[in-house]
Structure formats: C-alpha cells, structure tokens
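Engineer: Here's the letter readout for the chains.
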Amino acid sequence: MFRVRSDQETTDVGQTFYNCELMSENNEKKVHGVVAEYTSVDTLLSACRRVRDAGYEKTDAFTPFPVHGIDKALGIKPTVLPWIVLGAGLTGTATALVMQIWMNSIDYPYIISGKPFLSLPAFMPVAFELTVLFASFGAFFGMWALNGLPKFSNPVFTDPRFDRVTDDRFFLYIDSKDDQFDRGGVEKLLGDTDTDYVQTVVDDDSSDKVPKPFFMMWGLVVGLSVIPLLVVLKMRVSHSSQPRFHVFYDMDFSPAKDAQQYSTLFRDGRAMRPDVPGTVARGEEQADLNYMTGIDMEALTAIDRPRAERLVRRFNPYFQGETESAAENETEGAGKTSTEIEPEKKPVTVGDGDSDKSEADEVPDATAEPSVVEPTPWLDSNPLVLNEKVLADGRKNFGIYCSVCHGMNGSGNGLVNVRAQKIISPDWIQPSSLHQETLYANKYPDGKLFSTISNGIRKMPGYAGQIKTRDRWAIVAYVRALQLSQNASIEQFKNLDDSERAKILKEQIEAKKALKDKADAAAKAAKEKAQADEKAVLEEADAQEADAREADVQEADVQEADTAKAST
Amino acid sequence: MSEHKALAPKSSDDPAFMLPASLAALRLPLCVGGFVLMLLGWWLASGIGDYGNNFGMSVYLTAAVYCMTIVLGCLFFVLIQHLVRAGWSIVVRRIAELAMVMVIPMGILFIPVLTSLWMGEGTLYRWDNPEYAVEHGLPGDVWEEKLRWLNESWFTVRTIGYFAVWTSLALFFFKNSVRQDQTGDKAITDKMQYWSGPAVMLFSLTTTFAAFDWVMSLAPMWFSTMFGVYLFAGSILGAHCLLAVASYVLQKQGAMRDEVTVEHYHDLGKLIFGFVFFWTYISFSQYLLIWYGNIPEETEWFYVRQIGNWGTVALLLIFFHWMLPFAGTMSRHVRRKPGLVCAWGAYLLIMHYVDVYFMIMPTVEEGTAGGVMGVLASILCVVGMVALLSGLCLGLARQNKVVAVRDPRLGESIAFENI
Amino acid sequence: MSLAIPNGLDNTVEQPGERAPLVLGDTTYHDITEAVCQVAERKPSTSWVIGFLISFALLQWLGICILYLIYTGVGVWGNRSPVFWGWPIVNFVFWVGIGHAGTLISAILFLFRQEWRTSINRAAEAMTIFAVVCAGTFPGIHVGRAWLAFWLAPYPSLNLWMWPQFRSPLLWDVFAVSTYGTVSLLFWYMGMVPDLATFRDRSVNKWRRMAYGVLSLGWSGSSRHWMRYEKAYALLAAFAAPLVLSVHTIVSFDFAVSQVPGWHTTIFPPYFVAGAIFSGFAMVLTLMIPARKMLGLENLITIRHLDNMCKIILATGSIVGLAYGTEFFIAWYGQVQEEKFAFTNRAFGPYWWAYWTMVTCNVISPQLFWFKKLRTTPWMIVLVCIFVNIGMWFERFVIVVTSLSRDYLPSAWAYFSPTWVDWSMLIGSFGLFFTLFLLFCRLMPVINMAETKATLAKQYHVSNDGEH
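Chains as they are written, first to last, in the numbering used here: chain R, 45 to 612; chain Z, 14 to 432; chain X, 1313 to 1780.
In short, the hints are calculated from the structure, not lab data.
Just so you know, even glycine gets a beta-carbon here, dropped at the ideal spot from N, CA and C.
Incorrect hints may appear among the rest.
[To be verified] Rough simulated footprint, nothing fancy, chain R against chain X, three-plus residues with beta-carbon under 8 Å: (1) 1479-1492; (2) 1535-1545; (3) 1550-1559; (4) 1753-1767.
[As the list claims (entries may be wrong)] Restraint-style ranges between C-beta atoms, simulated for each label pair: (5) Phe1683(X) - Gly113(R): 37 to 47 Å; (6) Gly1452(X) - Ser269(R): 17 to 27 Å; (7) Gly113(R) - Val385(Z): 54 to 64 Å; (8) Asn431(Z) - Ser1393(X): 53 to 63 Å; (9) Gln552(R) - Thr180(Z): 53 to 63 Å; (10) Gly150(Z) - Lys560(R): 36 to 46 Å.
The shape of chain R in the complex, shown without the other chains (with noise of 0.2 Å):
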C-alpha cells in the first residue's frame, strides 16, 4: 500500500528500454495497462492525440499541473460537478429558511427589536451563508467523490519513476480494459511517440497489510477520544448524594458583604457604597406639600382635613403617625402639618367644582371617594420664580413630553393625534387644546393644571413618574405663557404707541384672514380626494365584487371603513 522509494529510483533516466525481458517474470501478475513517460506538455499532447486518434478510449494523462486542452486531445468528458453543486446549494438555502422561519417564527416566536417574528430581510444573511457551505461542501465532496479518492493503492504507483509525475514528468496510460487492448500494440503505439520509457503496469506486490502502529495508534486516539463521552453519559444517567463539584465557587456562592465589611473590590476597601450625591433617602425628603400638589394644604385641611392627611400620608409615609397625633393634639387642626407645609400664604381661589375624579390625587380612592364635589383649594399662581430659564426649560419638556399629542404649539394636534385620526384609531380621545378658555388661568388655576400633568386626565396618564416636580410647574408656566401668545389682545401691550398699534391691528387681520382662505384650500381639497378616494375603494370593491364568495362581506368592510374616512 504505501512503498518506500527504493534504490531503484536511481535508474539512469535518460535511458531507453522496453523491459521485455522482465515480463516473463511479471506473467503471472494482472496487468493493468500501459503507461509512457513524457518530457514536455507538447509531447505528451501530441501522443494524447495519436492515442485518441488510434481508438483507445480508456485511456488516461497523468501530469504535475493541469494542461489544458487535454481533454479534448484525449476526448474526456465535461463533469456532472456543477449539478451537484447546484443541488446542495438550493438544498442550503431551503435548510437555512426552513430552519429560521421553523426556530424563530413557529416554535419559539418571541419579539425582538420590535421586528416581525417571520423578517425575511433578518434571514438573508444566514441563508446565504447556508447556501454557500452546503454548495462548497457540494463541490469538495463531490469532486472527491466523482474522482474515486481516497484510494491510497493505485497500480500506477507501483513504478518508482511514476514518482515524478508530480514533479516535471508527463505520464500517459492506456488500460487493459479497453476493447482494443493489445499489450504488444499498445506498447509500440508508445513507443512510437516522442517517450523514452514505456513500462507495463502491473499488480503492486508490496505488502497490502497496513503497519501495526498505525492500527495502534487508531485504536489509542479511538479509545481514548470515547472516555470523555462515557463520563458524560455516565454523570447524566446516575444519581450521587455528593454535593456538586464547584469549579467556579464565586459564581456559584457571590460573596454577599455586609454593611462595614471590608472588600477588595473597591479602591477604598470599603464593602459599603457611599449614595451617589443627591440621593434622598425615602421619608427624609423636606417635602413642601402645596409645592408637590399644587393644593393649599392649609385650606384643604380645613375644608376636608381626611383627604389632606391621605395626601400628606403618600408623600411622607414616615410621618403618618406624627400627623395623626398632631391632628388629635391640635384643635386647629393644619397647625402642627403646616411645619411641612411651606408657610407662606397664597392666595387661594376656590375650584370650579367639576373635578374630575383622575385629578384626584388618590386614585384608587377617587371613585369611593364621597367629596368628589367638594371644591379644592387649588395654588393660584406658580410658586417658581418666573423668569427666562424657567420657561425656557418649561418649553424644553413640553417638546418633549406633551408636544406628542398636544401639538407644539398646543392646539391639540400633535404627531399621535394625526396617526390615531389616519388610522381612525376606535379608542382615541382628542387631546385637548390648551387654547380653550376653560382652561385659561382664571377658570383652570395653576395648581389644577399642575395636577392634571402630576396625575392625568381622561386618557392622558400622569406624568409625575418622569418629569420632575419643579420641571412640571415650568410646563404649567410655559402652557400659560402659549395660551397668552395665541390670544393676547392688543391691550395687554401697554408700551405700544399709535402707529404700532395699527399696524399690528393690521397685520392681524390679513393674518387670520390668510389663515381662513388656506384652511378653506385644504378643506376643499381635503374634501376632493375623498371623494376621489371613495370612487377609487368603490371601484375596487366592485372589482371585488366580481370574486368568490366573501365579496358581500368585504364591500360591507370597506364601505364602513368608507364612511368613516368621510366622516373624519
């Protein structure tokens, strides 16, 4: 099987000889065919050709690189490779989709970054992979395969000058099996051409028995590769009343430090973090009541004193004693909380008694709650100092948190509310405009539009979870400032000569009345491709109409959903 290069090799290589004199000797031995040696590319192609041109067609050219032009000098035909490697391709390809589609949309469907659980655009990049290891593993194998390799003993290789074909020797066989095979013939065929050597093939006579070591070695690294497998076989399938080994005692154990521990963790060895600056501690927060509610605690005391002890209770639940006791101690009642309460007065304007039950500031108890009537004490004027920066940061947050729905300029038609009224969206509630008189400071006071960001309305949700207390009162001052600049009247100018005042007075009227002729545009032209639009579903679902069976369903469908886009 694998022959040791023998001293034979040294053989005179320019020398010509037939060995028929060896062939008496190799008689009793099958022989395979005939092979000559070649120089050069062109001799070698020359004598393909004579082969080809004599008949013989199972023939083969053995060279160190690939000639080209030789399959044709020999006649071979092309390979079935590609068709292979077609097939195991397509084969990739429906694996990987099947596999993703099946793993990710079908038997473990979960979201994730918000994509569909079936993204095709998500599965390109592994089918493709997919597509091109099954196609190379379709090319490798195949070839291999087509070519009948590995096949370590070959007659071929029983001559020790068959060394060279991988070196600079051109070899060229003519088999036994081929119809014509005629081994005299065949041999002064070959010999005829451009060669120096012809030599019969014949049976390898080196022992076919694989060396002992390489069985040792199999067997050894066979063996040894199979303990690991059995161990983990046997561990999955007993049972073992001894604790579980820990390879990693940290993670399985974390070494949890008390407080005053010490701990190399931390540069200052200390186990304890100190707060990050700025942290409160719960129950210890300097709350100022009329400022966290936008109610005078003073006046809500007297009026309704439960409901200000509950309110108190949920800003400082570590004070509910306290505040009890003191209520029992003090006849007055709001004497011993206003120690909580900012003392200073103000001046206090008394709700216009429609309360809704979300302004509450107790919402579970709100419906249960019997004073829904009573008027609350709301704060009438911002407690913030007003100045540039805090509108400033009243604007900011605005944009950010209220703009959505209420619009930038708060009309109450911002980015949601379009999209809810283009999908016509069953459950939404217009936002209100900020603009409407009702909720104009003299009628809506500060402390209530306070609340109202604080704990929502209707279907806004309260946003006293994201926005900060003293950022809040900046909206309530920038809302304030938004309904002055939509409609501030001329008198509220003082520093306004004549002239000024004309001409603003002016401008105002061609502005509203530019305003009104581009809302009629829009109006009118809103109202045309609805129309437009109407005739283009009808037309569809007449369309429609024509198919099977559920048509009379779908026009329903779609003139209902017809209907609503005209009413809208």
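Let chain R serve as the given structure and place chains Z and X on it in line with the hints.
Structural biologist: Using the frame of chain R, we list chains Z and X on its own:
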C-alpha cells in the same frame, strides 16, 4: 498548446473595423427621431400634476440619470481596463470609449435641469423651495446648515465641475486611443495606464457626490452613505450590458466578426452575472440597515417606496432585477451563446431603467407615476434620449474605428480563451 | 537593500503587448519543486527556531491569560460601562479583516485570471485560516462562560427548550465566520492536495511518506481528476468570492444595524470589506517579504508580485479614505445632531489621537505607493504595511470605543482604558498566528507548485510561439 492557432490581427484599415453602413445610415433618423420623442415625452409629462412642471422635470431627470449612469459606467470600464492592463477586453473597449464621449451631449442635456433650478422655486429639487423648511416643520438652524450645501449656485458649480472632470477624462482616453489607431505607438498605452490610477480616484469622488446631489437630494432630509455606491452598481452593470448588446448588433451588421468571439461574450456574461449580484448586495445592504435601524430620518425613503404601487415596483426589482437574471445568467451554457448574452443585456438595460425610475419618480410631489399617461411619457422621454445619444454615438463611430485596431494587446484579446 | 532580481530582469516593467514573466531565472518545473520542497525538507534555520520559540512563548502566555479570564471572569478586561465592547471585539474584527486577503487572492483574483496570484495564494490562504482561528478565539471567550459557547449553535437542547435568535446580527456572525473558516479550509486543503502528493513522492522517510500519503488522498495527477478538480476549484472560487464580501459585511452589520451614532451608516458593508482586504494584503506583505528572503523564494515571489499587491493596497486604502470622507460629509449633510457629534467627537474628542493615527496610517501612508520606487523596495513596503496594520487596528478601535464611550446617555460617558489582560491577549494572538504560520512553513508546501508550474508552462508556450 491550443489546437487552433488564433487568427493574426487584420490590417488596421480592414472593413471589419469600420462601422457598417447599415448602422451609419441610422444615425440621422435616430438623432432627429430621438430628439422629437424626448421632447414629446417631456411635453406630455409636463401636463401631469399640479405642482408646476415637477412631474415633467422628474421624468426628464429620470431619463437623464439613466443615460448618465450608463455613460459613466462605460467611462469606468475604460479606466479600469487600463488600470489593470487587461488584455481580453481590447476588442470591445472601443465601444465603451465611444459611449463615454457621450458625456459631452449629456452635459448639454443636463442644462434644463439646472435651468429649472434657477427658474422655478423647487420645481424639481424641493430644497430649492423657500417654504420647504416651514412646511415640514424643520428647525431653522438645521435647515440653514443644509442650505449651505444645497443651494442653487453651489449646486450649479458642482454640476459643472463633475461634467468638466468627466469630459476631460473621457476626451483624454478617447483621443489617445484614437491616436493609437493611426500611430500604433505603444507609449500611448503606457501613458493611459499611467493616468488611469488618478483618473479612477477622480471618477469615484465625482460620481459619489453626483449621486448625492442629483438623486439623493431629491428627498432633501434623507441620507445614506452608501448611495453613491448604489448608483454606481447599477451604472457598471448597465455598461457591461451595453457592451454585450452593442457588440452583438455590430457583429450582426458585419463588423468585427472574427475579433469578438464567444469567449468575450462568455466574459461579459460572467461580469453581468457578477454585477447583478453586486447590485443586489449593495441594494440589499442599504435596505437591511435602514429597515433594521428603523430610524425615522432614514426610513422615509423606503417607506414611500414600500406602499401602494411603489411597493409593487420594489417587488418587481427583487424578482426581475435580481432573481430572474441571476438564475438566467448563472449557467456557462447561457454565457457562451452570444444571442442569449445580448438578450440578457438588453433585458437588464430595461430593468436598470426601472431601478433608476424607482429611485427618482416616487419623490415627485404627488408620489404617483402619473397614470398610464405618466408612464408612457416617461418611456417616450427615455427612449428618445437613448435614441438621440445612440445616433450621436453612431456618428462618432463612423468617423473612427469600432475596434482599437492598433492596440498592442489586440492580438492577445483576439486569441483569448476562457479556461 | 538591493533589488533582488536574479537574472537582471526587472519584471515590473511590462511592455504593452508582451506579458512580463512571473517566474524568474532559467527555471524548470523541477526547480520549482526543489525550491518549494527544500523549505520543508531541510533542517530548520536558526531564525526559524528563534521565531518559533518566541511565538510559541507568546501563545503560551495567551493560553494562560485565557485560563485566568475564564477562571476569574470577563471583568479582568477593561470593558466597563458604557464600553462593553472593548478590545476583544476590536481584536476580533481586526483578525477577521486580516483573514480576507487569502481568500480574496485565491478566489477573486482567480476569477479575474490574475495569474500572479499563483505563487502567493497558498501562504495567503494559510494566513486566512490562522487569522480566522485568532479571530474566533475572542468571541468564544467573550461570552463569559466560554464552556457554554456551543449554545450559539441551533441544536435541539433538552435543557433550554429554545432556539437561537436569528434576527440578531451576532448570530449571523457566528454563521458567517464559521462558514468562512470552513470554506477557506476546504479551499486551502483542496488546493494543497496535488502539492502534498509531491511531498509524498519525494519523501524518503517511511513515516513522512505515510503521513503525506494519507493527506494527499492518493492523488495521482490523472487528467480526469485534474478536470474535475479544476471545475471544483473554479466553483469553490465562485462561492468563496461572494463569501469574502459577506463575511465582513456581516461583521459590519454587527455595528451598523444598531442605532449607535457613528455605527449606523449604510456605507459600512463595502467600507468594511475594502478595509479588510486592505489590512489583509498589508499583513500578507509584512510576512511574505521576510519569508521570501529567508526561504529563498525570490524567483517565485518576484518584485512584480509585490508591486501588484502594493497597488491593491493603494486602491483599497483610497476606498477606505473615501469612505471616511463620505461618513464625515453625510454626518454633516444629514444634520442629525447625534451623528454630527459622534464624528466631531471622533476627530476632536478625547480619542483624537486614535483617530488621527488611523487616518495617517490608513489614508496617508498607502498614498506613498503612488511612487514606483517605493512599490519595488521591499523594506519600504514592509514599513508601510506595518503602518497600515497599526492603522487598521486603530480603525476598529476608533469605531468601537469612540462611539460607545460617548453615546446617547451623557451621564454614562467614560474613558476606556485597557488592562494588562487586554494587552496580553492582543500580543498573545499574534503569538498564535505566528506559531501556526511558522509550523505551516515547515510542514506544508508554502507555494502552490502545481499552479506555478502551469504558469511556467504558459510562459514556455509564449516564448516557443515567438520562435515559430
């Protein structure tokens, strides 16, 4: 080594290197007819839509960009052949050289685009509309910065600059190549090879920015760093298709019958296949990244192209610009049949137009294709412009040879064989 | 250093119409066999032994660091909030990039019939595989519990009852890199079989003959085999070419599908691919130039080969430069605040030194290759290529670290500093790479003999034609 000896190159004044009379006769009808058709299409398109001549100009720009990409693809083909000292392509290089000179008429055909920029307010490019920022609620400082790049004068200067660069490159390589037809001087090849490196760099810089300016800025707030490459991918594909079609037509009419062999079609077929893949790779990557990132600034462009009829066009592109030609040109047997290579080339040239159409037309004000009339007008306009350029190109070809007859590598190219 | 042109012929000069020879000297087929086989057959030279010992020591150090990391946890790296993708990912992308040259030379240049590839492709392919091995190490240990890394594979797990997440680019990466590694290995091995047969037939030692006999699968050089072999080779090349593009494209997706400013940009796929080829060629040249000198292969790896590779470096370097420019331009043109900040921060923020190192090494230094003198002076090439390697490492550093260290949450901004483990692993990965490469030089045919002989045959043929 090979069994047949390749033919020795014919003498340089052999009739096989001349433009066949049948084609030369077409040049005037093509020019005149094309010009008329183009104007007709433009005129028809102008009547569509309410936003001034927005639709008409968009149709015109689509046609112009389509022709421009193919012309630029040919220019790049020539540059790259010199850069890599290619041997196989010499017999078809002259066709690309003739086509790339069409950059000069393209410069003239681009004047209406610039005129509309100066005359109208946002007729074609909406950033030119002073109301744009207000209408779209864009912050003033953002828009101000934007206008520093997108404004009439700077846009015009850049456009003129691009054409200046391309014209000088095209003329340099064309004139030298033609000069070699007479002199056969090998030093000319050396000279062209020497300058091809810097030329490719200039080319890539200008085309990247031209793609940004002419096409990407149609949606003023949208941006994609890949866009230049995207347009280029279609452009180089178009150029190879053009070469396949033109060689086939020329051979049918009797020119260069012995020179362009099945081997060259095989190579063109392979390159067409490769660039179909490249186009898919680039467009898919661009889509995937924007789809996955899902950021409003970017999705806008694909959003309008995914809904309604534009969505159908997008699917058309997937199936007929990628899958069908990809499967169709995969086989070696197809690539070794000149007729089939030519057919696929012609088919892909049409699909390339759909691709350009898909890039430009959804940005017209109404976002519609303008109905049957609009599509018809678009087709008339582009067919007219292509015919006009073909006519001019034939005129140029008549005065010169259709093969670089004395290129030192001509023999190598004729004898070339695929493995 | 003198230009090593053995028979006085400068094959970088090519007369139009005549192709300059790719194999120099009065070389015969047998000379090629000798030149390549002697590398593996003779006793290792002192420089090889020293190089191997150093590399092997570094490799051991890498192993120790990995054990330390697994035992202690990934906290030993400098990865801290907000830079959770620190050096390990930088190293991963760097090595994957290096791994692109080999398959590019083998596949794409093969498809473009660039015959000069024949004498460099084998070593370049080997580098591809070794670089992928180096690259694969980092994500493998980066998962924290490295012994559970097999969870990435989509296998029906009885413990987890769930599947991997195919909508994640990180999983695409697993498939891309493993497919790339596998296909490159097949391609490399398949290309080597005829040459391993040469080794087999030249072996005088029984065991050596047996080992190479098994490896060469009984290759006999039959024409039918060659025909199918060439077909398979062409097909593999046709698959490997888009595969090369896809791998770094998918690596770029890891970044670009996210919304991190500076990462989410559509030019990433082609720009990463160009960068990968750029760095890969630089690494190939850095290794090949000393190797050809030491191994005596100057007649096979000629100045013309170096010249051509320098041109590719120049081209890809310019593409990378164009991409940097485009990114900057679009960051301004797009007027998205975060993008604008990300790019200003790259160039003028706390990592300005990394950014300008990158620009200098990647964009400016390859421009030196416009000068032919530089392209044909080996030591100058090595110098520039080392700069390019440094620059490309910094490119990944800049992308990963600058974007992460200052993203959307200013309160979390921090400055990244590597630890000694980071440093050790980067250096250790070079140890792994060089160890494998040096072993390859000793054990495998470093040059594709069969293909080089075919090139030589063509050269003969051309010169014979001239005589007719």
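Engineer: Provide an ascending list of the numbers of those earlier hints which the structure does not satisfy.
Structural biologist: Hint 10 alone not satisfied by this model.
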